[in-house]
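Visitor: Quick note, the sequences are listed as chains A and B, same order. Read in order, the letters of the first sequence correspond to residues 105 to 448 in the working numbering. Read in order, the letters of the second sequence correspond to residues 105 to 448 in the working numbering.
FYI, nobody ran anything at the bench for these hints, they're computed from the structure. Fair warning: there could be bad hints in the mix.
[Claimed, not checked] Across the chosen pairs, the derived CB separations fall in these ranges:
1. A:Asp170 <-> B:Lys315: 34 to 44 Å
2. B:Gly246 <-> A:Pro133: 44 to 54 Å
3. A:Gly150 <-> B:Lys293: 49 to 59 Å
4. A:Met314 <-> B:Pro172: 51 to 61 Å
5. A:Pro133 <-> B:Val376: 24 to 34 Å
6. A:Pro132 <-> B:Thr167: 32 to 42 Å
7. B:Ser289 <-> A:Gly299: 22 to 32 Å
[To be verified] If you want a taste of the chain A side facing chain B, the calculated C-beta under 10 Å gives, among others:
8. Arg109
9. Asp115
10. Glu189
11. Glu195
12. Gly205
13. Leu254
14. Pro278
15. Asp305
16. Phe309
17. Asn312
18. Glu412
19. Ala421
20. Glu424
21. Gly426
Predicted model only: the values in this text are computed from it and were never measured. From the three backbone atoms N, C-alpha and C, an ideal C-beta is built for every residue, glycine too.
2 protein chains.
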Amino acid sequence: MSEFRYNYLWDTWVIIAPERERRPHDYPPHTYGPQSPPEKCPFEPGKENLAPHEIFAVREPGTAPDTPGWKIRVVPNKYPALRIENPPLPEGRCLYDTVGGFGAHEIVVDTPDHYKHPHNFSVEEMKLLLYVYRERMKSLYGDYRIRYVLVFKNYGREAGASLSHSHSQIIATPQVPKLIDTVVSQSRKYFTEKGRCYLCDEVKFELNEMKRVVYENEEFLVYCPFYSIFPFQMRITPKKHGHDFAKLSDQELYLLADALRLALRKLHKTLVNPPYNFFIHTAPPPREEPRRPHYYTGIERFFHWYLEILPRVSVPAGFEWGSGYYINPTTPESAAKFLREVVL
Amino acid sequence: MSEFRYNYLWDTWVIIAPERERRPHDYPPHTYGPQSPPEKCPFEPGKENLAPHEIFAVREPGTAPDTPGWKIRVVPNKYPALRIENPPLPEGRCLYDTVGGFGAHEIVVDTPDHYKHPHNFSVEEMKLLLYVYRERMKSLYGDYRIRYVLVFKNYGREAGASLSHSHSQIIATPQVPKLIDTVVSQSRKYFTEKGRCYLCDEVKFELNEMKRVVYENEEFLVYCPFYSIFPFQMRITPKKHGHDFAKLSDQELYLLADALRLALRKLHKTLVNPPYNFFIHTAPPPREEPRRPHYYTGIERFFHWYLEILPRVSVPAGFEWGSGYYINPTTPESAAKFLREVVL
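Extracted from the complex, chain A is given alone in its bound form (with noise of 0.2 Å):
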């Protein structure tokens, strides 16, 4: 029997039918050769002039900025969809509200190897990538006007990658997103009922049900959420409360490294190369808002940083457009089961 299940942080349902259930096998390999040949690839070493001067990199010692050298490295967006230069202002018109596109679009070029993905990644590579997230989230948040950093990866083409050769993405915005905003005023709302956090209570009873956990460290359990939108889906959060990804320790990143290679491994191996994206929701910083005056007072306390996973092997239709709940055919429970036995 198909049931709703809500999402508390994101305050929908969604449907779980496993009268559709679909299992691993059921959803096509994928094999996502390189589009782009790397001769002709922006992101190679050597290729550096192909994109915008760099803004931040990873280097061998004594290499020059938009040199080869480096292991990571940090460019603008070509074809940005925000930029830093235009003016955050809002405007009227008539009807319509609308605001200029200030912010920040940028690419984290993720290796210097065309054909290496995360899932082939060395836990040390791993970390340096998720050094990388860090490093740029504290420096855009210097920008009192950014409200919001996004960090996401798209693999796959199916999960909107253009370019084949492995790179996450970095937005700014001069607003807090939607599902953001949402996720900080449900975690604001289960804070102030319970006097708890709605994540700690989460990691507390996915750890004693063990039914949906796919994989835990120290300090990190990776799980498919109770009510996860898309089959595979996983959820990578911190054991210990924090409310802020840009405050982990050296320490943390690899344990956290650890854990996402795991998940994109298991990924990888249980759908066969399926496409994905994941991002990561970490607080948004507490400035106050002139029609939301403490909104955000206390949300080092109610906020729960946490990296989601979602594999990209069905399609959203008009059901999912139109009502903004989700189908999901493949139960959370099944799908840990698979992802937690698969044989690297």
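Once you have looked at the hints, place chain B on chain A.
Guide: Below, chain B alone, put in the same frame as chain A:
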């Protein structure tokens, strides 16, 4: 320069990014041949036994249910996400809330012709399809436990259609889905502040500006919303205020058929057979809810129904899933110009 535009009814922002401007020929043409050959298609006349028993049909006089002779046929989904037999009972599982998978999930076989799609329908054929939508909506709302009926269509594999024979779907749920709930509360907020209906104002404004209008007839306006989340997105809105699709007269159905047919033909020609979804947002019936008294009171005055067409030529990726914001690389003004001027 890119800009944020606010979508009042859906309460979110979209980034319109003309730096990334894409014109119609930048989107690859789609060749959507038959995925399932007619011999094995459960929607073919003569193969009625491959689908569940029909619920409703428009038939030649004297033909029996579940036999050929139908023009449009409604059957339960063979793999339903929701069932009328499941009790809609709320159940708590410690931390999590669930509700039994009660509801309905129906398939409307739009035509007996395996190769015909709505952009090839005559106005009469389209009107018959809309008539079936209306009748099913009326019938399903007869069950007091049903709080919402969403009618939608998926065309093309990238838009979620798993069978190529033209069909629509109807899902009825025991709660008002999230997006419709947002439209209700935003419409009510606007009405409370201004004493006017939001979409009545939008229609008036669009007819005055004429920048985003694609087509109009006596009763309906077809336009690209100012805050479109997808390239070439279109909305069909009745010019006269009306909250309930199911209350349309036959004459109004005819004019809606004319507008929808034109919109789909223009879309098909402009983007060369793109996949798309469309859905109807009509007002939920004004039933009292224990925890929200009077929430729907006056809904006939503040809710304005509409039909939304979402072409699926761009891929929502990590940014969209992680933020709830969208990046649209084609301005609605430019999309409307192409759609208005395309020669059919």
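Visitor: So, against the hints stated earlier in the document, which numbers end up violated here?
Guide: Structure breaks no hint.
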